[in-house]
Amino acid sequence: MQRSTALQSELLRNEETLRSIFAECSDVSYRTLLIGDRIEALLIYVDGLSDTDGIEEHVVSPLLRVSYEETVGLDQRLKRLITVSEVQDVSTFEQCEAYLLDGMPILLYEGGASGLALGLTKWQMRGIEEPSAESSVRGPREGFTETIRVNMSQIRRIIKSSSLKMETMKIGEYTRTKIVVAYIDGLVDRTLVEEVKNRLGTIRLDGILESGYIEEMIEDSPFSPFPQLLSTERPDVICGNLLEGRVAILIEGTPFTLVAPITFFSLLQSSEDYYQRFIVSTVVRWLRYMYVALSLLLPSVYVAVLTYHQEMVPGSLVLSMASSREDVPFPALVEVLIMEVSFEALREAGVRLPKQVGSAVSIVGALVIGQAAVQAGLVSAPMVIIVSLTGIASFMIPRYIAGISIRMLRFPLIVLAGTLGLLGIMLGLIAIVLHLCSLRSFGVPYLSTIQTPKLGEMKDVLIRAPWWAMRKRPHLTGHYNQYRQPPGQKPGPDKEGEIGNRRGDAR
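In full-length UniProt numbering, the protein residues as written are 1 to 507.
In case anyone wonders, no lab produced these hints; they're calculated from the structure. Honestly, I wouldn't trust all of these hints.
What the hints assert, rightly or not - Lysine-lysine pairs mimicking DSSO-like chemistry, simulated, CA-CA at most 30 Å apart: (1) Lys178 <-> Lys197; (2) Lys178 <-> Lys459; (3) Lys79 <-> Lys197; (4) Lys79 <-> Lys122; (5) Lys160 <-> Lys178; (6) Lys122 <-> Lys178; (7) Lys165 <-> Lys79; (8) Lys170 <-> Lys122; (9) Lys472 <-> Lys490; (10) Lys122 <-> Lys165; (11) Lys459 <-> Lys160; (12) Lys472 <-> Lys160; (13) Lys170 <-> Lys197; (14) Lys79 <-> Lys170; (15) Lys165 <-> Lys178; (16) Lys197 <-> Lys472; (17) Lys459 <-> Lys472; (18) Lys197 <-> Lys160; (19) Lys160 <-> Lys170; (20) Lys459 <-> Lys165; (21) Lys490 <-> Lys459; (22) Lys165 <-> Lys197; (23) Lys472 <-> Lys165; (24) Lys160 <-> Lys122.
Please work from the sequences and hints to get the whole structure.
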């Protein structure tokens with residue numbers, strides 16, 4: 001029998017069909033009861049997904065109190081007898097299966113060719129905590145959890161507007177993972193929303209276990225090392241992107257939420273940039289850009305200069321570097337590759353180990369191995385300094401996935417520097433820039449903010465302008481409700497002087 005077959009009026013046959021569907025499922029419970037000592041009913045729920053106390057209090061107890069005379073016309077009054085806020089009608093076995101696996105108990109009764117799905121879901125969930133990978137000194141301390149309803153409520157609690165829309169779909173033949181597409185109507189380009197839903201609708205997978213499944217299936221260039229969607233655990237980051245006309249994709253079972261479209265500079269912006277004073281944020285942002293360049297280029301420039309362009313270095317420094325490398329048996333290219341691979345292995349080991357020992361292993365391992373390698377003559381002391389500065393620079397990148405991309409590109413640049421010198425580095429940078437120019441994120445150029453520079457959008461790229469100066473919304477896909485604040489928001493000395501005068505008069 002197909003699962004989409006309609007429910008029948010005979011309760012026994014409905015029970016037999018459902019038992020065959022959930023055969024060998026020991027966590028599916030069946031409870032029979034008599035309503036008014038007259039009508040047989042069957043209550044089905046999944047133990048661990050449904051609220052058993054709520055079933056007893058709001059379903060079983062009210063139905064057992066129904067008298068014999070009240071059972072006449074019960075099907076019309078059944079919803080009013082059950083004191084549950086959410087009650088859905090079910091008419092097919094497919095609907096029964098879907099609601100049961102979502103944690104909603106099913107109530108069937110004799111003589112009724114339909115049933116009721118009751119909103120009594122309850123399961124263990126992780127509490128709201130601060131995201132460990134996106135911590136900030138100033139700003140909200142709460143992050144998303146693995147429960148999608150909690151994540152939706154966090155966004156709704158920040159954006160209290162009926163224009164915030166959340167459309168739900170399910171993906172995965174076996175997992176039936178709930179996916180929510182969130183956007184603000186009136187700010188977002190409807191073409192972007194339809195494109196996101198169309199790409200999600202074409203996914204055909206057995207299961208979705210994390211947002212990475214979705215990201216790989218809907219991005220424009222899957223072979224690029226650069227991510228084309230932003231992943232974050234912070235509700236404030238999601239709300240900030242929604243207010244700029246972007247679309248958020250929430251996935252059940254993971255705290256990581258996706259944002260589309262993005263640019264390259266979106267990966268280098270931190271949520272704390274918008275909570276600090278704009279002067280501090282601008283300085284920190286330029287420091288971050290500088291260290292991103294160091295993370296990408298410092299080892300390769302060192303190899304190129306040491307191998308081919310010694311004349312670019314002061315003589316005293318060249319003599320010092322030559323004396324330190326006197327006992328090193330490897331060329332600079334092999335030396336830096338050994339150190340970089342060892343450092344990346346130590347960092348990855350620190351991530352995989354338990355938190356109590358992970359940081360200690362990575363730090364102590366780097367110090368001990370580096371010092372021992374220098375004493376053994378395998379590497380030079382300047383090389384240890386270069387690799388250490390490069391590792392510190394990579395930690396300045398606020399997005400983990402962006403940091404991985406930079407770390408991956410560092411190795412081909414090192415090889416080019418060791419074979420062609422500074423010319424190889426320039427060729428590698430040209431290839432990277434050309435690749436970035438060709439990338440798209442849902443049709444939006446990856447370098448759109450600098451490819452077609454506009455004064456209003458550059459206020460939040462190279463600098464972080466004060467909020468009163470960012471009147472226009474930085475749209476990527478259109479100009480819908482482009483002004484986010486009225487003019488005249490800038491604080492002036494006249495207002496402060498007037499307030500000071502009033503205080504002086506009061507004294």
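Tested hints:
For the suggested pair Lys178 and Lys197, the alpha carbons sit about 13 Å apart, so the restraint of at most 30 Å is met. A threshold of 30 Å between alpha carbons decides the hint, and for Lys178 with Lys459 the separation of about 37 Å lies outside it, so the pair is violated. Pair hint Lys79 plus Lys197 does not hold up; C-alpha atoms about 35 Å apart against a cutoff of 30 Å. For the proposed pair Lys79 and Lys122, the alpha carbon gap of about 21 Å is at most 30 Å, so the pair holds.
Distance check on the hinted pair: Lys160 and Lys178 sit about 23 Å apart at the alpha-carbon level, within 30 Å; holds. Proposed proximity of Lys122 and Lys178 is supported: the alpha carbons are some 16 Å apart, at most 30 Å. With a CA separation close to 29 Å, the supplied pair Lys165 and Lys79 stays within the 30 Å bound. For the hint pairing Lys170 with Lys122, the CA-to-CA distance comes to about 20 Å; that is within 30 Å, so the pair holds.
For the proposed pair Lys472 and Lys490, the alpha carbon gap of about 14 Å is at most 30 Å, so the pair holds. A C-alpha spacing of about 25 Å is found between Lys122 and Lys165, which places the hinted pair at or below 30 Å, so the restraint holds. A threshold of 30 Å between alpha carbons decides the hint, and for Lys459 with Lys160 the separation of about 27 Å falls inside it, so the pair holds. Restraint check: the Cα-Cα separation between Lys472 and Lys160 comes to about 21 Å, which is no more than 30 Å; the hinted pair holds.
A C-alpha spacing of about 11 Å is found between Lys170 and Lys197, which places the hinted pair at or below 30 Å, so the restraint holds. Annotation: proposed proximity of Lys79 to Lys170 holds, straight-line Cα distance about 27 Å (limit 30 Å). Note on Lys165 and Lys178: the hinted pairing holds, with a Cα-Cα distance of about 16 Å set against a maximum of 30 Å. This hinted pair checks out: Lys197 and Lys472 have alpha carbons roughly 27 Å apart, not beyond 30 Å.
Only pairs whose Cα atoms come within 30 Å are accepted, and Lys459 paired with Lys472 is accepted, the gap being roughly 10 Å. Our distance criterion of 30 Å between C-alpha atoms is met by Lys197 and Lys160, whose separation comes to about 24 Å. About 26 Å separates the Cα atoms of Lys160 and Lys170, which keeps this hinted pair within 30 Å; it holds. Between the alpha carbons of Lys459 and Lys165 the distance comes to roughly 29 Å, so the proposed pair stays at or under 30 Å and holds.
For the given pair, Lys490 sits about 15 Å from Lys459 by alpha-carbon distance, which is consistent with the 30 Å threshold. Simply put, Lys165 and Lys197 have alpha-carbon atoms about 13 Å apart, close enough for the 30 Å limit, and the pair holds. A hinted pair counts as satisfied when its Cα atoms are at most 30 Å apart, and Lys472 with Lys165 qualifies at roughly 22 Å. At roughly 26 Å between alpha-carbon atoms, Lys160 and Lys122 fall within 30 Å of each other, so this suggested pair holds.
Consistency with the previously given hints fails for numbers 2 and 3, ordered from lowest to highest.
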